[in-house]
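Residue numbers (my numbering), protein chains in the order written: chain R, 118 to 290; chain C, 722 to 1274.
The reader is advised that the hints may include incorrect statements.
[Claimed, not checked] Listed below are several chain C residues computed to face chain R (Cβ distance under 10 Å; list not exhaustive):
(1) D743
(2) D744
(3) L746
(4) H762
(5) R774
(6) F902
(7) L1065
(8) L1066
(9) K1150
(10) V1169
(11) K1214
(12) T1215
(13) E1219
Keep in mind that the hints were calculated from the coordinates and are not lab data.
Note that the structure is a prediction, hence the values are computed from the model and not measured.
Don't be surprised by glycine CBs; every beta carbon is placed ideally from N, CA and C.
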Amino acid sequence: MDQTSSTEDFIRQLAEHQNRLYGYVYSLVGDHSRAADVVQETNLVLWRKIGEFDSDKPFLPWAFAIARFQVLAHLRDRKRERMLLDESLVETLSAEAGQQATQIDSLREALRQCLQRLQPDHRDLIERRYYRSMSVADVANALDRTVSAVKVALLRVRRQLAGCVQKRLAAES
Amino acid sequence: MSGRIEELELLLLAWEDGTLDDDGLERLRGILRTDEAARSHFLQMQMLTAALRLEGDAGLALPDVETLGVDAAPPPRKAPPSRDRARRAYRLAAIVAGLLVCLLTGRLAWLELTREPTASLTLTGRAVDQPTEEPTSLGIALVTQLVDVDWGDGQDAVEVGDALSPGRFAIRSGFAQIEFFCGATVILEGPAEIDLESAMQATVRNGRLRAHVPPAARGFALNVGDMKVVDLGTEFGLSVSPEGADVQVFDGEVEVQNRTDERRRVTAGRGLVRKPGGEIEETAATADEFVDFADLEARAQNQQDSRYARWKTWSESIRSDPRLIACYMFDEPDSRRRVLESSLLPTNPELDGAIVGARRVPGRWDHKGALEFKRPGDQVRVQIPGEYGSLTFACWARIDSLDRWYNSLFLTDGYEQGEPHWQILDSGKIHFSIRAHERKTKEAPHRVIQSPSFWKPALSGRWIHLATVFDIETGRVSHYLNGRVLNRQTIPKTLLPEQTRIGAAAIGNWSMPTKPDAPFAIRNLNGRIDELLLFSAALGDDEIRDIYENGKP
Chain R
118 MDQTSSTEDF IRQLAEHQNR LYGYVYSLVG DHSRAADVVQ ETNLVLWRKI GEFDSDKPFL
178 PWAFAIARFQ VLAHLRDRKR ERMLLDESLV ETLSAEAGQQ ATQIDSLREA LRQCLQRLQP
238 DHRDLIERRY YRSMSVADVA NALDRTVSAV KVALLRVRRQ LAGCVQKRLA AES
Chain C
722 MSGRIEELEL LLLAWEDGTL DDDGLERLRG ILRTDEAARS HFLQMQMLTA ALRLEGDAGL
782 ALPDVETLGV DAAPPPRKAP PSRDRARRAY RLAAIVAGLL VCLLTGRLAW LELTREPTAS
842 LTLTGRAVDQ PTEEPTSLGI ALVTQLVDVD WGDGQDAVEV GDALSPGRFA IRSGFAQIEF
902 FCGATVILEG PAEIDLESAM QATVRNGRLR AHVPPAARGF ALNVGDMKVV DLGTEFGLSV
962 SPEGADVQVF DGEVEVQNRT DERRRVTAGR GLVRKPGGEI EETAATADEF VDFADLEARA
1022 QNQQDSRYAR WKTWSESIRS DPRLIACYMF DEPDSRRRVL ESSLLPTNPE LDGAIVGARR
1082 VPGRWDHKGA LEFKRPGDQV RVQIPGEYGS LTFACWARID SLDRWYNSLF LTDGYEQGEP
1142 HWQILDSGKI HFSIRAHERK TKEAPHRVIQ SPSFWKPALS GRWIHLATVF DIETGRVSHY
1202 LNGRVLNRQT IPKTLLPEQT RIGAAAIGNW SMPTKPDAPF AIRNLNGRID ELLLFSAALG
1262 DDEIRDIYEN GKP
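With the rest of the complex left out, here is chain R:
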């Protein structure tokens, strides 16, 4: 493969796997904007290492390895900030995180179907919390409910969504 088409292939793969990288990183850092930052850093590192890119080898394991390294670097660089996981937990969880992140497109598709089946007020709750990033307190305020009632409701809806998604994914394969 000549260099141009190899570069093209690299970019194609990089673009195609952005969601999987995000899912992988998010599951290890548990924060949306941090995850997005780490993904971007990972993109840049991958780009610098394009020389190591071999289009005959699977892209994703390589990208995940670099993303894992970036997550660890992120933890070290921000010692003063509170992080969800520590280094050893990141190491423990990273392999399975990679496996699960590979399926994020199927998961999203299943999620969309499952969201459709939610009661309107439950979907509204999810949209406020995750689409509009409202805090639980803000959601409670907006809906004139108590914080603990919203928490309980969110937990329940998430559990329901998770159950539905797992069933759909199982049905797919």
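Since chain R is already given, all that's left is putting chain C on it; use the hints.
Just chain C now, with coordinates in the frame of chain R:
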């Protein structure tokens, strides 16, 4: 659910909300350190949250080509608040990619590349995926018959069953029957041009038409210049040309309103000609100048016959295409056998399908057969031996509705390495997958390639042509509706099987080889199929188009 998992979920919710204290954080980590099941559950929850975030934050999608611009200059950025960092990061990544591609290969390659990732990333489809209100449709009239129609310039071709919205409707030649939502029916004879205004009213610019207005639709009005023809429950003809307008009443009565000459009633057997100067002459009606409904029906029947004949000729030739591995033409409407004959030439009865449940019904044409799949067990069982590479699936289907999560077109029993599944999701996306790895391996089983949603309720009960091409060399999968590409995406090399195979499979349903008393997933199609072709090759766009053109009813 165990108490620890429940506790973990609570702690995680607090973490996400920024309200978790240090003790809580330590507790959360403690659970993860010591409990393997909790770790798995944690990752599932995290992945779900990530997916929700991806759904919610449109900024995470790669930008459209339009927003990036041909020169890939970064879009002007407002001073972004900190939670926009994510958005920025993704945009930057996309721009880096965009810049490089533009530099290297120009705009075309950029279009080609972006189409693929954005197809799966874009969130604009959400309105379709997640209706929050009762679905709505638009239109004031329906096209119910088209015979030998040649569409003029500036008129998008419409199909029988399409709803028409207010606006210009023009044909260069042929006949179009339009049913207004008020109940009036109009046969338009080309060349003709009319402006649809409401369910009760239209303006005729030129051409000849016959209108039938049942009592329920009384008051239906056609404008010609400053003249208005109001129907009082009848059948009449109207011809508009530069020489003037000619109204002829065949049955009942119409009222002609004019700016100068207030109102005139025209009764059955009489006519009225309005000259360009405005003067009006009374005439006798000559009904045979206007094509009537029986005549149109006969012409439509003729068109059906000739289209069926064309399809028949084409189908005779395609049946011996050496690339075909299975071919079912469903062209045995009178057969009482519970066998779906293989149409492949040379004949091979081994490929005949066994009909289970499905009913024989008329197909695209009255003389042609089809099978109707309705109940959970309805299907056609087939056995197709051999190992192949690329595959092309093509079928004519009439879908009544997409009731199931997965609505089957053609699926192998079970789902082993190299076996394809071709189905439609309830969201209206064609869903193609082929298992790449054996079950034992830990690797992902496949990469699903979906089309964008093509389904809309107006397609219900209409014959449509669906096709999917899988190229095993490049991994490229293309989905088609009615001969046109819906989208293309590539399965990565690591998720490509070396060979493909079919073996035992079902048309219109999915069978799992399970224990006899085990429940089965309900995946039957709700609708009809009247042609199914399966090729051991990746057909080109032209060939798919050809199958559609030769088979359209």
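Each hint tested on the structure:
Hint status for D743 (chain C): holds, given a least beta-carbon distance of 8 Å to chain R, under 10 Å. Taken as an interface hint, D744 (chain C) does not check out: its beta carbon lies about 12 Å from the nearest beta carbon of chain R, beyond 10 Å. A cut of 10 Å between beta carbons decides the hint on L746 (chain C): the least distance to chain R is about 7 Å, and the hint holds. Hint status for H762 (chain C): holds, given a least beta-carbon distance of 9 Å to chain R, under 10 Å.
The beta carbon of R774 (chain C) is positioned within 10 Å of a beta carbon in chain R (closest approach about 5 Å), and the interface hint is therefore held. Checking F902 (chain C) against chain R by beta carbon gives a least distance of about 29 Å; that is not within 10 Å, so the hint is violated. For L1065 (chain C), the interface hint is violated, since its Cβ never comes within 10 Å of a Cβ in chain R; the closest pair sits about 31 Å apart. Because the smallest distance between the Cβ of L1066 (chain C) and any Cβ of chain R comes to about 37 Å, over 10 Å, the interface hint for this residue is violated.
Taking 10 Å as the C-beta cut-off, the interface hint given for K1150 (chain C) holds, the closest approach to chain R being about 8 Å. Interface hint status for V1169 (chain C): upheld, as the beta-carbon distance to the closest one in chain R is roughly 6 Å, under 10 Å. Here the hint on K1214 (chain C) is kept, as its CB sits about 7 Å from the closest CB of chain R, short of 10 Å. A distance limit of 10 Å between C-beta atoms decides the matter here; for T1215 (chain C) the minimum to chain R is near 4 Å, and the interface restraint holds.
Hint status for E1219 (chain C): violated, given a least beta-carbon distance of 15 Å to chain R, over 10 Å.
Checked against the numbered hints listed earlier, the structure breaks hints 2, 6, 7, 8 and 13; every other hint is satisfied.
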